[in-house]
Amino acid sequence: MSRNIAAFLLVCIGLVMFLAIAELPLYGSPDTPVQNYVAKRYVSGALSDTGALNMVASIVIDYRAYDTLIETTVLFTSIIAVFLVLKKGTN
Amino acid sequence: MGDLLQRILQNYPYIFALALFGIGTFTVLTHSNLLKKVIGINIMEGSTYLFFIAAGNIRGGVAPIKDMVSQGDVVYVNPLPQALMLTGIVVSVSVTALSLALIMRLYKLYGTIDAKEIHRIRKEVRANGNSNQR
Numbered sequence: 003m004s005r006n007i008a009a010f011l012l013v014c015i016g017l018v019m020f021l022a023i024a025e026l027p028l029y030g031s032p033d034t035p036v037q038n039y040v041a042k043r044y045v046s047g048a049l050s051d052t053g054a055l056n057m058v059a060s061i062v063i064d065y066r067a068y069d070t071l072i073e074t075t076v077l078f079t080s081i082i083a084v085f086l087v088l089k090k091g092t093n
Numbered sequence: 119m120g121d122l123l124q125r126i127l128q129n130y131p132y133i134f135a136l137a138l139f140g141i142g143t144f145t146v147l148t149h150s151n152l153l154k155k156v157i158g159i160n161i162m163e164g165s166t167y168l169f170f171i172a173a174g175n176i177r178g179g180v181a182p183i184k185d186m187v188s189q190g191d192v193v194y195v196n197p198l199p200q201a202l203m204l205t206g207i208v209v210s211v212s213v214t215a216l217s218l219a220l221i222m223r224l225y226k227l228y229g230t231i232d233a234k235e236i237h238r239i240r241k242e243v244r245a246n247g248n249s250n251q252r
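Protein sequence lines, in the order shown, are assigned to chains A and B. Count along the first sequence starting at 1, add 2, and that's the number in my numbering. Count along the second sequence starting at 1, add 118, and that's the number in my numbering.
Heads up, some of the hints might be wrong.
Straight-line distance between alpha carbons at most 30 Å, and here's what the computed BS3-like set of lysine-lysine pairs gives [what the hints assert, rightly or not]:
#	chain 1	residue 1	chain 2	residue 2
1	A	K89	B	K241
2	B	K241	B	K184
3	A	K89	B	K184
4	B	K154	B	K226
5	B	K155	B	K234
6	A	K89	B	K155
7	B	K241	B	K154
8	B	K241	B	K155
9	A	K89	B	K234
10	B	K241	A	K90
11	B	K226	B	K241
12	B	K234	A	K90
13	B	K155	A	K90
14	B	K154	B	K234
15	A	K90	B	K226
16	B	K154	A	K90
17	A	K89	B	K154
18	B	K184	A	K42
In short, the hints are calculated from the structure, not lab data.
Please model the complete structure; the sequences and the hints are all you need to start from.
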């Protein structure tokens, strides 16, 4: 019963998303809003700015270094939480 | 109507992302096995990765790695969504690790990883008084 309700709700949400796909910009075209001046700046300036051949690496490690640093904190916090949860002796 | 269908078919990677999202959400909603719920969450995360990477793609583009050999007009795909999805993968791994650890604790406490079963056991314990509640 709850299975049918879940399926019905998912079909409703999926239909709305399905219609929204039609309004998205054309897949693979080079002049969508995603490919704006930010991406062009990264592609053209990554090598001279950071010296990295891999643009993804230059974004992760150099342009957004603080993002990566705090991301490490997320990983660290989750590891601490896992060790706390699995600690022996606490029942 | 035909125009609408044509536009949807041209954006076919988004349809795959939508299907994956639906499968993941259905798994989370209908299964009471907690491990299967975690698997469903991971499928949903995979659908968002697919959506972002597909949004940054350019037809005929190559991976955003500069090589000094090939000269000329090379179109690189957008490197920004790929870098953002790296962040997303880290968060997803953290969430998965923490939820799996919590499931291990639940299994030690209740001897089962079924959410409905755990609910029933908790109700019984509450009905028998709080003396043997851990």
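Results of checking the hints against the structure:
1. K89/A <-> K241/B: 27 Å, holds
2. K241/B <-> K184/B: Outside the cut-off at roughly 61 Å; violated.
3. K89/A <-> K184/B: It is violated: about 47 Å lies between the C-alpha atoms, which goes past 30 Å.
4. K154/B <-> K226/B: Satisfied, since the Cα-Cα distance of roughly 18 Å is no more than 30 Å.
5. K155/B <-> K234/B: Satisfied, since the Cα-Cα distance of roughly 13 Å is no more than 30 Å.
6. K89/A <-> K155/B: 24 Å, holds
7. K241/B <-> K154/B: 23 Å, holds
8. K241/B <-> K155/B: 22 Å, holds
9. K89/A <-> K234/B: 26 Å, holds
10. K241/B <-> K90/A: 27 Å, holds
11. K226/B <-> K241/B: 18 Å, holds
12. K234/B <-> K90/A: Given that 30 Å is the threshold and the Cα spacing comes to 27 Å, the pair holds.
13. K155/B <-> K90/A: At roughly 26 Å apart (the allowed maximum being 30 Å), K90/A and K155/B satisfy the hint.
14. K154/B <-> K234/B: 13 Å, holds
15. K90/A <-> K226/B: Holds, at roughly 11 Å.
16. K154/B <-> K90/A: 26 Å, holds
17. K89/A <-> K154/B: 24 Å, holds
18. K184/B <-> K42/A: Measuring from Cα to Cα gives roughly 14 Å; hence the hint holds.
When the structure is compared with the earlier hints, violations turn up for hints 2, 3 and for no others.
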